[in-house]
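Residue numbers (this note's numbering), protein chains in the order written: chain D, 1 to 295; chain R, 1001 to 1290.
Misleading hints may appear alongside valid ones.
[As the list claims (entries may be wrong)] Computed list of lysine-lysine pairs in DSS-like fashion (alpha-carbon distance at most 30 Å, straight line):
hint	chain 1	residue 1	chain 2	residue 2
1	R	Lys1017	D	Lys6
2	D	Lys6	R	Lys1020
3	D	Lys201	D	Lys100
4	R	Lys1020	D	Lys100
5	R	Lys1017	D	Lys100
[Claimed, not checked] To give a feel for the contact side, a few chain D residues facing chain R, derived at Cβ under 7 Å:
hint	residue
6	Ile24
7	Thr37
8	Ile38
[Claimed, not checked] Derived list of chain D stretches under chain R, where covered just means 3 residues or more per stretch with a C-beta under 8 Å from a C-beta of chain R:
hint	segment
9	47 to 60
10	141 to 154
11	204 to 212
Since the hints were made in silico from the structure, they are not lab data.
The beta carbon of each residue, even a glycine, is placed where N, CA and C say it ideally should be.
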Amino acid sequence: MHAGIKPLGGERWWLVVLLFPTMIGLLFGALGSVLATIVISLLNWDLITPPTWAGFANYTSLLSDTLFLRAMRITVLFSLAYVPGTIILSLLIALLLNRKLFGLSLFRTIYFLPTVSSAVAVGLVWSWIYGRERGLLNYLLSFVGIAPINWLGSQNALWSIVIVNIWGALGTGMVIFLAGLQAIPREYYEAGSLDGAVGWKAFRYITLPLITPSIFFQTIITTVHAFQAFEYVYVLTRTANGASNAPTLVYSIYRNGFNFFRMGTASAQAIVLALMILLLTLCYFWLERRLVVYD
Amino acid sequence: MTKPIPIVQTRSTSSIKANKLLGDIASYLLLLFGSLIMVGPFLWMISTSLKLPADQFSRSFIPDPITFSNYTRLWELLPFTRLIINSLTISVLSTVGQLLTCAMAGFCFAVIDFPYRRLLFLALLSTVMLPPQITLVPNFILFRWLGLIGTQVPLWLPAFWGGAFGTFLLRQYFLTIPFELAEAARIDGASLMAIFLRVYLPLAQPALAALAIFSFMGAWNDLLGPLIYLPTDLERTTLTVGLSLFQTQYSGRWTVMMAGALVSVLPVILLFLVAQRRFIEGIALSGVKR
Chain D
1 MHAGIKPLGG
11 ERWWLVVLLF
21 PTMIGLLFGA
31 LGSVLATIVI
41 SLLNWDLITP
51 PTWAGFANYT
61 SLLSDTLFLR
71 AMRITVLFSL
81 AYVPGTIILS
91 LLIALLLNRK
101 LFGLSLFRTI
111 YFLPTVSSAV
121 AVGLVWSWIY
131 GRERGLLNYL
141 LSFVGIAPIN
151 WLGSQNALWS
161 IVIVNIWGAL
171 GTGMVIFLAG
181 LQAIPREYYE
191 AGSLDGAVGW
201 KAFRYITLPL
211 ITPSIFFQTI
221 ITTVHAFQAF
231 EYVYVLTRTA
241 NGASNAPTLV
251 YSIYRNGFNF
261 FRMGTASAQA
271 IVLALMILLL
281 TLCYFWLERR
291 LVVYD
Chain R
1001 MTKPIPIVQT
1011 RSTSSIKANK
1021 LLGDIASYLL
1031 LLFGSLIMVG
1041 PFLWMISTSL
1051 KLPADQFSRS
1061 FIPDPITFSN
1071 YTRLWELLPF
1081 TRLIINSLTI
1091 SVLSTVGQLL
1101 TCAMAGFCFA
1111 VIDFPYRRLL
1121 FLALLSTVML
1131 PPQITLVPNF
1141 ILFRWLGLIG
1151 TQVPLWLPAF
1161 WGGAFGTFLL
1171 RQYFLTIPFE
1181 LAEAARIDGA
1191 SLMAIFLRVY
1201 LPLAQPALAA
1211 LAIFSFMGAW
1221 NDLLGPLIYL
1231 PTDLERTTLT
1241 VGLSLFQTQY
1251 SGRWTVMMAG
1261 ALVSVLPVIL
1271 LFLVAQRRFI
1281 EGIALSGVKR
């Protein structure tokens, strides 16, 4: 980082003005919010009666809260399927597009459409595709003799949601991998082909090591997104009483905080969510030192 | 001895070419199959929105007859113009807020030399890892205390507090602008603000455009925010929540619902098509450089 321009005299006030909104955000939006959430998680507060001290009761009761445990289980299972699914498929698409085919930008646009579209609007179509009685998917499957499946029932909802979420995330992953692939110098492949590294071998020994930074970055981003899954869950799996057939952790936070107004419980769950993301990120950074190759 | 060599070489290059051709064909087939899955739901959305309600379960892809009545019906069933105006207001204000505050902070971190610059930047960056859900409860309580629940203010005001992603994106772009420009302007007696407004902002248009698209789309597609802060009444909520309310109120009216879904994705898709390059460069910029 170069030294930069020094503000002179009255310009220091301009510096303060320029940085002011960001500092407010950092101080109150980030630091203040975290502290406030921690404090609220130690209270019983329904926003109507004055808050009372709860200590760690909001946390200890999570351990026996079957709804919360279910949300945890679903969030973990969701991530275990969604993260590798998104990474592998978007890498595959990027590899195909990196062959410098005709029509690359058209394909890129098409693969990107779900990413830019509102999950609610697109979720409406998916709710119909997944419909049990007249859904498009069951109709197509009937041609191969598969009996109608209740895609959004509590049995299958989780996996149906994983599919839609992967579908919606391929665009971003593809762009990041494509940028990583295009940064690999051609000479590496030319040199490699002299040693017989073509096809799978070229991928395994040249491409894969050189895009580990992109894979690493994508894994963190995708994991953070996985733990925050909400929108498709809300649109596709909400039941008549406001519960869900595949309630994720964020859905549970939303329900507790803004349907039941249990501010303490919602805050405790938000803290658990943040800690899980923090822990995983630390694990990834530990792995990065062992696995990621920077030239 | 010299004769066979060229023959062997042409053979191997031609077989490499044939391999490449086969690989290209296989790639095309895979990509086309994938494209069908990606774009299929959108095509089905369009097709259904043009069918008569009586034909909503017909499996034919081409509507017969084609009707636009679902779109007029949409405006009869819902205060649709109102919903669009609400979404537009929140999205535009959020975008303005992000552009303004992120450009201001990004310029400071990229160009100005001030104490604790590195430390503050790292502190800001670390907040990327903070899940936004952790701010939900305190923000709700704060805005409730301010008496702003039910208004649009909580949905766009936080955009004026800057943001780690936008600031990082613009800072990265500002760093690619040759620093000599700023130095030259400084020697000519330009003030800090003049360097910001006349040198850096005009040159950063691509990155500003990328951030504008990200912010607009984020606000336009947001579901959780309006669900929490706006009353579930169709006059005052946003297009996304309006659609999900429609889903529960008029379930089964798929043709009208698909028309509504299409109207709500169309603005962002058009925006994306127009500014596609900026958008994709923005993602690559935020993803590759460290």
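| message | Run the distance test for Lys201/D versus Lys100/D: straight-line Cα separation, threshold 30 Å. | response | 20 Å, holds
| field | Restraint status (C-alpha distance of Lys1020/R to Lys100/D at most 30 Å) | value | 11 Å, holds
| message | Tell me if the interface restraint on Thr37/D is satisfied: Cβ within less than 7 Å of some Cβ in chain R. | response | At about 5 Å, which falls below the 7 Å cut-off, the nearest Cβ of chain R leaves the hint on Thr37/D intact, so it holds.
| query | Holds or violated: is there a CB of chain R closer than 7 Å to the CB of Ile24/D? | reply | 5 Å, holds
| message | Quick check: do three or more residues in the segment 204 to 212 of chain D have a beta carbon closer than 8 Å to a beta carbon of chain R? | response | Not satisfied, violated; 0 residues make the cut.
| Has the given pair, Lys6/D with Lys1020/R, been kept, meaning a C-alpha gap of at most 30 Å? | 56 Å, violated
| message | Under 8 Å between beta-carbons, do enough residues of the segment 47 to 60 of chain D, three at least, approach chain R for the coverage claim to hold? | response | Not satisfied, violated; 1 residues make the cut.
| request: Tell me if Ile38/D is really an interface residue toward chain R, meaning its C-beta lies closer than 7 Å to one of theirs. | output: 9 Å, violated
| Under the criterion that the straight-line Cα-Cα distance not exceed 30 Å, is the pair Lys1017/R, Lys100/D satisfied? | 15 Å, holds
| When you check the alpha-carbon spacing of Lys1017/R and Lys6/D, does it fall within 30 Å? | Violated - the C-alpha atoms of Lys6/D and Lys1017/R are around 59 Å apart, more than 30 Å.
| request: Count the residues of the segment 141 to 154 of chain D whose CB lies closer than 8 Å to any CB of chain R, then report whether that count reaches three. | output: violated (count 0)
Taken one by one, the earlier hints fail for this structure at numbers 1, 2, 8, 9, 10, 11, listed in ascending order.
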